[in-house]
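**Student:** For reference, the chains in residue letters:
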Amino acid sequence: MAGADGDDSLYPIAVLIDELRNEDVQLRLNSIKKLSTIALALGVERTRTELLPFLTDTIYDEDEVLLALAEQLGNFTMLVGGPEYVHCLLPPLESLATVEETVVRDKAVESLRKISQEHSPVDLEVHFEPLVKRLASGDWFTSRTSACGLFSVCYPRVSSTVKAEIRQHFRTLCSDDTPMVRRAAASKLGEFAKVLELDYVKSDIISLFTALASDEQDSVRLLAVEACVSIATLLPQEDLESLVMPTLRQAAEDKSWRVRYMVADKFSELQKAVGPEITKNDLVPAFQNLLKDCEAEVRAAAANKVKEFCENLPEDNREQIIMTHILPCVKELVSDTNQHVKSALASVIMGLSTILGKDNTIEHLLPLFLAQLKDECPEVRLNIISNLDCVNEVIGIRQLSQSLLPAIVELAEDAKWRVRLAIIEYMPLLAGQLGVEFFDEKLNTLCMAWLIDHVYAIREAATCNLMKLVEKFGAEWAQNTIVPKVLGMANDPNYLHRMTTLFCINALSEACGQDITTKQMLPVVLKMSNDQVANVRFNVAKSLQKIGPVLDSNALQTEVKPVLEKLATDTDMDVKYFAQEAISVLVLA
Amino acid sequence: TCSSSSTPNFSVPSAEKVDGFPRRSMRRARQRRSHSSSQFRYQSSQVELTPLPLLKDAPVAELHDLFCKKLQQCCVLFDFLDCVADLKGKEIKRAALNELVESVATSRGVLIEPLYPEAIKMISVNIFRTLPPSENPEFDPEEDEPTLEASWPHLQLVYEFFLRFLESPDFQPSMAKRYVDQKFVLQLLELFDSEDPREREYLKTILHRVYGKLLGLRAYIRKQINNIFLRFIYETEHFNGVAELLEILGSIINGFALPLKAEHKQFLVRVLIPLHTAKSLSIFHAQLAYCVVQFMEKDATVTEYIIRGLLKYWPKTCTQKEVMFLGEIEEILDVIEPSQFIRVQEPLFKQIAACISSPHFQVAERALYFWNNEYILSLIEENCQVILPLVFATLYRVSKEHWNQTIVSLIYNVLKTFMEMNSKLFDDLTASYKVEKQKELKRDRERADLWRGLEEHQDRRMQMLTEAARNQRNLQERGERGDPPSPSSPQTSHSDQPELKPSGASSSSSGGGESAT
Chain A
1 MAGADGDDSL YPIAVLIDEL RNEDVQLRLN SIKKLSTIAL ALGVERTRTE LLPFLTDTIY
61 DEDEVLLALA EQLGNFTMLV GGPEYVHCLL PPLESLATVE ETVVRDKAVE SLRKISQEHS
121 PVDLEVHFEP LVKRLASGDW FTSRTSACGL FSVCYPRVSS TVKAEIRQHF RTLCSDDTPM
181 VRRAAASKLG EFAKVLELDY VKSDIISLFT ALASDEQDSV RLLAVEACVS IATLLPQEDL
241 ESLVMPTLRQ AAEDKSWRVR YMVADKFSEL QKAVGPEITK NDLVPAFQNL LKDCEAEVRA
301 AAANKVKEFC ENLPEDNREQ IIMTHILPCV KELVSDTNQH VKSALASVIM GLSTILGKDN
361 TIEHLLPLFL AQLKDECPEV RLNIISNLDC VNEVIGIRQL SQSLLPAIVE LAEDAKWRVR
421 LAIIEYMPLL AGQLGVEFFD EKLNTLCMAW LIDHVYAIRE AATCNLMKLV EKFGAEWAQN
481 TIVPKVLGMA NDPNYLHRMT TLFCINALSE ACGQDITTKQ MLPVVLKMSN DQVANVRFNV
541 AKSLQKIGPV LDSNALQTEV KPVLEKLATD TDMDVKYFAQ EAISVLVLA
Chain B
1 TCSSSSTPNF SVPSAEKVDG FPRRSMRRAR QRRSHSSSQF RYQSSQVELT PLPLLKDAPV
61 AELHDLFCKK LQQCCVLFDF LDCVADLKGK EIKRAALNEL VESVATSRGV LIEPLYPEAI
121 KMISVNIFRT LPPSENPEFD PEEDEPTLEA SWPHLQLVYE FFLRFLESPD FQPSMAKRYV
181 DQKFVLQLLE LFDSEDPRER EYLKTILHRV YGKLLGLRAY IRKQINNIFL RFIYETEHFN
241 GVAELLEILG SIINGFALPL KAEHKQFLVR VLIPLHTAKS LSIFHAQLAY CVVQFMEKDA
301 TVTEYIIRGL LKYWPKTCTQ KEVMFLGEIE EILDVIEPSQ FIRVQEPLFK QIAACISSPH
361 FQVAERALYF WNNEYILSLI EENCQVILPL VFATLYRVSK EHWNQTIVSL IYNVLKTFME
421 MNSKLFDDLT ASYKVEKQKE LKRDRERADL WRGLEEHQDR RMQMLTEAAR NQRNLQERGE
481 RGDPPSPSSP QTSHSDQPEL KPSGASSSSS GGGESAT
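So the sequence lines, in the order shown, correspond to chains A and B. Residue numbering for the first sequence follows full-length UniProt numbering, starting at 1 and increasing by one per position. Residue numbering for the second sequence follows full-length UniProt numbering, starting at 1 and increasing by one per position.
No lab work stands behind these hints, which were simulated from the structure alone. Source: prediction; values computed, not measured. C-beta atoms are modelled at their ideal positions from N, C-alpha and C, and glycine is treated no differently. Only true hints are included.
Derived DSS-like pairs (lysine-lysine); straight-line CA-CA distance at most 27 Å:
1. 33/A - 312/B
2. 177/B - 255/A
3. 437/B - 400/B
4. 255/A - 90/B
5. 350/B - 33/A
6. 292/A - 90/B
7. 223/B - 255/A
8. 442/B - 33/A
9. 69/B - 90/B
10. 223/B - 261/B
11. 307/A - 358/A
12. 204/B - 255/A
13. 223/B - 133/A
14. 69/B - 88/B
15. 272/A - 194/A
16. 519/A - 566/A
17. 183/B - 255/A
18. 439/B - 33/A
19. 33/A - 316/B
20. 374/A - 331/A
21. 121/B - 255/A
Here are some, though not all, of the chain B residues that point toward chain A, as calculated from beta-carbon distances under 7 Å:
22. 130
23. 133
24. 227
25. 234
26. 274
27. 454
28. 457
29. 458
30. 461
Just chain B, with the same shape it has in the complex (with noise of 0.2 Å):
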C-alpha cells in the first residue's frame, strides 16, 4: 500500500482509453502549463511591498540593516499562475533579489552573523514547499517535456542568492551550521524530485558546496541519500534526481578514504547495484557507471561484488537495459585488475555469452565488440584455458544460426582470434562439441524421467494420504457419535485434514482429493 497510497494519481479517463486520440492533444496542452506552488495559499494575507533604498546608495552603518529589511521583504510570495497578479510587488521583490545576489557576490564583508538567520529564513520561506503532483501522471523523463515551476523569476534569483552565499569568501561554515541543519538539508533533498530540470541543476550545485562546507552534515546526508534512492529502488520508482544525486556522490566517492568504510562498501552493495533495477535507469545510467567505476578504482576489492552484482540484476526482457549493462560492464573491465578478473569471469562470459546468442541483434553485437577492446582481449588471452570453453558453444552455434549477418562476421572474427590464441584448445573443442551437444540431450532427457517419476510418485501418495484421511476421519466420526469432541484442543488430528487438499491440490492435477470427499 505504501508505494500506490504515496503517489495518488488521476486514473486515465475511460472515455480516453478508447478513444486513443484525444489523449496526445491534451497531453500537449498540459506540457505548457507550468506548476503553481501549493505555498502560495499558506501566506496569510498579502502584503504590499514598498520599494526600499539600493544596496550600494546605503551608507556604510546602515547597510545591514538594509540587507536585512530586503531579505525580509523577499519573504513575501506571490502568485505565479495569475500572470498579472501584483505586478509591481513582484517587480519589487526581484530588484530586492538581485541587488542581494549583486552584494552577496561583489562586496566583501556584508555577511555578518545576524545576517545568516535572515537569510537561511528567506531561502527556506521562497525553496521549501511541497512540490505540485505531476501534470502528467504518466510523465516520462524521455518523451515529455517537463512542467516548469511557474515562480522560476523569483526562485531563481533566491538559489543564485543561496549559491552566492555558500561560495561567499566571508561564509563562515561554523556559524551556518546552526541554521543549516538536518532538518534543512532533508528538505533540500526533498526538492530534488522536481520536475523542473534548472531547479534541480542549482540544488545540485548548493548540495555540493554544503556537503563540501558543512563537514558535520556530511554522513547525514548520505544516509538521507541513501533512503532516497531506497525509496525509488524498492518503493515508489520515482524520483526526478536520480541522476543529479547521482552526480554529487560520484564526486563525494573520489574523496572517500581508504581503507573504505563499511558504510560506503553497503551503500554500493545495497544501493547503487539495485539501482540498474529500475526502469528508468538509461536517465542516470551514465552517472551511475560512473560511480560504479569511482568505487573500483578506489578500491579493486569491491570489483567482484560489483560483477556478481550486475549479473544478478542483469535485464530478462528489457534489451535496451541489456545494451546499457553490456556498456557498463566494458567500463568496469577497462580498469580492472588482473587478479579480480579471474575472480569473476566464469559466471561473467557465462553472461556474455547468454548476451552473444541474443536474438536482439544490437545487444549480441555491443557483447562481441568486447573482443574489439585491447585490454579486455589481453584479459580474454591470459585465460583462454577458462574462456574458451564457456563460450565456446555458443559461438559455434550463434555462427550458423545467426539471422544478422554482421553478427555472424563478428563472430567468425571472434572464432579467427580465439583459434590464433589457443589453436590445440580451439581444435579440442571443435571435436568435442558433438559430443558434449548429445551429453545435453540426454541430461535433458534424465531430468525430463525424473520429473515424471516424481510426479507419479506424488499422485500415488496424494491417493494413499486422501485414503488414510478419509479412514481416519471415519474411525473419528464413529468415535465423535459416542464422545463429544472437546474444543480446547487446536492441534489434535482433524485439523489436518483440510490442510491436504490445498497442498496436494495446488501442485498437482490428481483429482483423487477431490473425489474422495
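If we strip away everything but chain A, and leave its shape as in the complex, we get (with noise of 0.2 Å):
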C-alpha cells in the first residue's frame, strides 16, 4: 500500500481542510459528502494523524454537515487502515454523539454501533467500552442519551469485570435525572436484557423494568410496554408470572391513555410473549377492558388487533374464549361513537369468519357485517367490501349474496365514490359465483348504471366490468344483455354518455369477436363521426384505431378507412391528428 500513496503529496492537506471549511454551507456539505476522497487522496497514515483530528475539533457546524459527517464515518474503517486502526475514528463520532440535535446524535451513534463489531475484543475494552462510559457520566443529557444505544453492542464480547461496570451504568441512567434519558434507556431496555446473561435478566433487568415501568411520566412508562414483550420472550414460563405480569397488568390499567394505548398496540406480541396459559387467564380480561375503554384511541388500537388476538389464542378452548368473552366486546364496537373505531374494527372483524366457521359467522358476525355495512362512515364500509372475499371463503358466495346483497346494492349507489368503486370491483367475482341468471336478474341494472356515473373513475371502472363479465358469460351474452344498451347510448344528448359507448366498444370489441364488432359495433362507430362535439370525433379515430385489429380487411378498407380520412380534414387540429394516427396505425394509407 505504501507504493500506491505516492501521488499523495499532490494534495497539500490545507487545500482539502479548505474545502471542508469553506464559507458557503452548501460546498461545506459537499465536501464532507466526499470525504472518502479526501481520506483516499491523503491516504491511511495522513488520514489519521491529520484529517480525523480536524475532525474531531471542528465539531461545531451545521447540523446538516454534522449529520452527513456522522454518516460518513461509519464507513470509514479502510480509509484509516483496516479494522486494526478503526479506534480512531472514535473521537469524531463521541463528539457527534453529544451533539444537540437528535438526527446527528442517532446518526453518530448508528455508526459507533456500525464500527464497534469492527473493533477486536481488545480493542473494544481498551477504546470503545471508555467512551460509552464517557458518554454515560457526561453532564448533557444528549450524550447520556446516546450512551444508552451502545451498551448492547459491546456487552457480549467483554470481560466479565468490564460487564459488571456496563450493567452499573445503564442502571444509572435508567434512574436518570432528566425523563429524556430515562426514555432513551427505557427504549433500549429490551435489547440490552437480550445481550445479557438470564441470570442477570432476572436480577437486574426486572427490576429496571418494574422501575420505568412505574415512572412518574407516561412517556416513560409506555417505552417500558415495548422491552416487557423482549423481557417476557426471554423469561422461562414458571417465572413470568412473578416476574413480568405484576407489571403488565398495571399497565394495562395505567391512568394514562398514552400507555394503554401502548399495550394495546403491542397486544399480539404480547400475547405471543406470555404463552397461552398467561393469554387464558390474564389477557383475555385485559383486552375486554381496552376494547371498552374510555378513550377512543385505545379502542381503535385494540380493534385493530381482535382478529390477531383471536387467532393467536389456545385452540383447545379458543371458539369459547371468542364466544363468551370477545364477542359481545366486539358486537360494542359496531356501533361505537367513534368512526376511527368502527373504521379499524371493519379493517379486522372479516378476518373472524375464518377463525368462527361457517355456522358461527352466519349466526353471529353477519349481522355484525351487515351493520357496519351500512355504517354511515364511508371508511367503514369500504373497509367491509374489501375484505368480502375471506367470509366468502367461509360461508360461500350465495350465503354472502342473499345476505349481504341488498346491502351491496344499496352500496352501489353511495354517495362515496370510491365506495361505488370497491363494489364494482367485486362484480366479476360474484358474477362468477352466482351465475348468469341470477346476475341477470339482480345486479346486470347496476353495472349498467355505473357506465352514466357522473364520475369518471366509476364510468372507467364500469367499463373495464364490462369486459371482464363478457370474458366469463361469453360473447353470445354479451350480444343479448350488453351490446344492445351500450349501443343504446349512443344517441345520447349527454356527449359524456355518448363517449362512453365509444369506451365500451373499445374494451369489449376483442371479447367480443368479429362478428359483433363487424356488425353491430362498427355502424355505430362510423355514425358517431358526425358528432358534433369534437372530443367526440377524435374518440372515434381512437375506437377505429383499436378495434381496426378485430376487423376484417374489406370492413377496413371500404369502411373505416373512408371515414378516417374524413376526420383527417377535420376543423379541430385534435380530431386530425388522431384520425392520421389511426391511419398510419392501422396501415391504410
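Put the two chains together into one complex; each comes in its own frame, and the hints tell you how they fit.
**Tutor:** See the structure below:
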C-alpha cells in the first residue's frame, strides 16, 4: 500500500481542509459528503494523523454537515487502515454523539454501533468501552442519551469485570434525573436484556423494568411496555407470573391513555411472549377492558388487534373464549361513537369468520357485517367491502350474497365514489360465483347504471367491469344483454355518455369477436364520426384504431378508411391528429 | 421511536386522502366537540350529593368544619360529555365551588392549617388528569379552533379557587409547601399541554404565584420547564403551552441575580436558542424574543452566544420564519452594547446580506429596514470600514437584478447612505467590484479542478485496491487449499475485502469494483 500513496503529495492537506471549511454551507456539505475521496487522496496514515484530528476539533458546524459527517465516519474503517486502526474514528464520533440535534446524534450512534463490530475484543475494552462510560457520565443529557444505544453492542464481547461496569452504568441511566435519558434507556431496555445472561435479566433487568414501568412520566412508562415483549420472551414460563405480569397488569390499567394505547398496540406481541396460559387467565380480561376503554384511541388500537388476538388464542378453547368474552365487546364496538374505532374494527372483523367457521359466522358475524356495511362512515363501509373475500371462503358466495346483497345493492349507489368503486371491483367475482341468471336478475341493471355515473373513475371502472363480465359469460350473452344497451347510449344527448359507448366498444370488441364487432359495433362508431362534439369525433378515431385489428380487411378498406380520411381533414386539430395516427397504425394510407 | 410512540395518532383514513373533500367538513364537525376527561371513568361509583348549609350562614365555630366538608364534596367528579347527566349534582358542586372561591377571596382567617391538605386534595383530584388525545391529530394552533375542555364549568371554579387560595393574605407558604410539592408541580406543568387556552391562562398565573411564593420549588420548576422544552424541541415538537411557560420565564429572567449563574446561561444557550428551530415558532416567538432580550439586558456578555446561536439556526427554507428572525435581531440590536456589536458584526452582516439577496421580497425588505433604525444606523456608521465591504457586493448586485421595485429603491437608499458615510471606501469598492467578481470565478474554477483531480485519483486508487485485493484473495485461496483457515482470528486480512467495495462504491461511480468480482 505504501507505494500506492506516492502521488498524495499532490494534495496538501491544507487545500483539502479549506474545502471542508468553505464559508458556503452547501459547498462545505458537498465536501463532507465526499470525505472518503479526500481520505483516499491523503492515504490512511495522514487520514489518521491529520484529517481525523481536524474533524474532531471542528465539530461546531451546521447540523446538516454534522449529519453527513456522522454517516461518513461509519464507513471509514478501510480509509484509516482497516480494523486495526478503527478506534481512530472514535474521537470525532464521540463528539458527534453529544451534539444537541437528535438526528445527528442518532446517526453518530448508528455509526458507532457499526464500527463497534470491527473492533477486536481488546480494542473494544481499551477504546470503545471507555467511550461508552464517558458518554454515560456526561454532563448534558445528550451524551447520556447516546450512551444508552451503545451498551448492548459491546456487552457480549467484553470481560466479566467490564460487563459488571456496563450493567452498573445502564442501571444509573435508567434512574437518570432527566426524562429524556430515562426514555432513551427504556427504549433500549429490551435490546440490552437480550444480550444479558439470564441471571442478570432476572436480577437487574426486572427491577429496572418495574421501575421504568412506574415512572412518573407516562412517556417513560409506555416505552417500558415495548421492553416488556422482549423481556417476557427471554424468561422461562414459570418466572413470568412473578416477574413480568404484575407490571403488565398495571400497564394495561394505567391512568394514562398513552400507556394503555401502547399495551393495545403491542397486544399480539405480548400475547405471543407470555404464552397461552397467561393469555387465557390475564390477557383475555385485559383485552376486554381495552376494547371497552374510555379513550377512543385505545379502543381503536385494540380493535385493530381483534383478529390477531383471536387467531393466536390457544386452539383448545379458542372458540369458547371468543364467543363468550370477545364477541360481546366486538358487538358493542360495531356501534361505537367514534368512527376511527369502527373503521379499525371493520378492517379486521371479517377475519373472524375463518376462525369461527360457517355456522357461527352466519349466526353471529353476518349481522355485524351488515350493520357495518350500513355504517354512516364511508371508511367503515369500504373496509368491510374490501375484505369480503375472507367471508366468501367460509360461507360461500351464495350465502354471502343472500344476506349481504341488499346492502351491496344499496352501496352501489353510495354517495362516496370510492365505495362505489370498491363494489364494482367485486362484480366479476360475484358474477362468477352467482351465475348468469342470478346476475341478470339482480345485478345487471347496476352494472349498466354505473356507465352513466357522474364520476369518470366509476365510468371507467364500469367499462372495464363489462369486459370482465363478457369474458366470464361469453359473446352471446354480451350480444343479448349488454351490447344493445351500450349502443343505445350512442344517441344520448349527453356527449359524455356517447363517449362511454366508444369506451365500452374499445373494451368489448376483442371479447365479443369479429362478428359482433363488425356487424353491430362498427356501424355505430362510423355514424358517430359526424358528431357535433370534437371530443366524440377524435374518440371515434381512437376507437377505430383500437377495434381495427378485430375487423377484416374488407371492412377496413371500404368502411373505416373513408371515415378516417374524412376525419383527417376535420377542422379540429385534435381530431385530425388522432385520425392520422389511426390511419398510420392501421396502415391504411 | 420515542417521538412516534409517545403521541399515537390515527392515521388519515385512506379514502379521505384521495377524496380531499370530506376532510374539511369532518374537521369542522370535530371542532365543535369538546374533550371528555378520562378521569371520570376512574371514579368507582357515583356519589349522590346533598346540598350543605351555606358558608355565610354557618356559626364561626362550625365554619372550618363546613368548609372542609364542602371541599370534600367538590372532590366528586361529573361526566360532562353527557350534558344532562346528574344535573342536580353538578349544580350542587358548582354552588359549593362558588362559595369556596368567595370565602377564600373575601373572608380572613378561613385558611387554617388543617384545611391545606383538604384544599390541595380537592384541587388535585379535579385538575390532574391525563389530557385526552387531540380530537384533531393535525391540530394547527394557528388555523384550527382548539378543542375545549368539557368540564370547564367546574374546572374553572377549581382553578379560580386555587388562585384565590395562593393569593390570599392568609396563605402560608410554610404550610403549603408540604402539599404543593415537586410531584404536584410536575403534574401542574404537564397540564400546560392542554389545548384549551382558558385553562393555560389560569395555569400560567397559578404557576407564577407558586414560583413567587414557594421558594424551595423554584429550581425544580425551572428544571422541569427545561425538560418540557427539550422534549418539545428534540422529541415531539408538540406542546401547547410553550408560549405561556415562556411568558412566566420572561419575568423569572428579569429577577435573576448578577452575575448570571452557569445554570441560567446554559438555559439560554441550550434551551432558549434551540427553541427557535421549532416548526411552530410563530406561536410563541414574541414571548421567546422577549426572554432573549431580557437575558441581554441582564448581562451583555451573553450577546455573542445569542447572535451566533440565531445564526446557526437561521431558517433555510421558511421565509416566514426568516422574517421573524430578522425581527428578533432588530430587537436585539436595539439594546446591544457597541462593544458587543463589534464581536458579532461580521457573521451577522454576512447573514443580513444573504437576506437582502433573498428573492422573497418580505425577507429582503425586513433586512433593509434595519437601515431605518437610527441606533442600528449609528452602529453601522461607526463600523463602516468592516460592514460595507461585507454587504457591498450583495447590495450592488441585488440593486441591479431584484424583481421587486420597492426592494430596488430601498437598496438605492442604503447605497446612498453608505456613500455619504464613507465615499472613499465606497468608490474603492465600486472600482474593485469587477475584479473581485473575476477572482471569485477563478476560485470556483480552481475548486472544480481540484475535485476533478481528486475524483480521478480516487478512481485510480479504487482500481488499484481492487486489483490488490483480488491478488491477495487468489494468493489466499491458493494457501487455503492446503491449509484450512483458523476461525480464531476475526481480524485477519480476509475480513478487509468486503469492506473495500462499500467504501468505494458509496462515493464514486467507478464500476471497477463490481466488474472485478
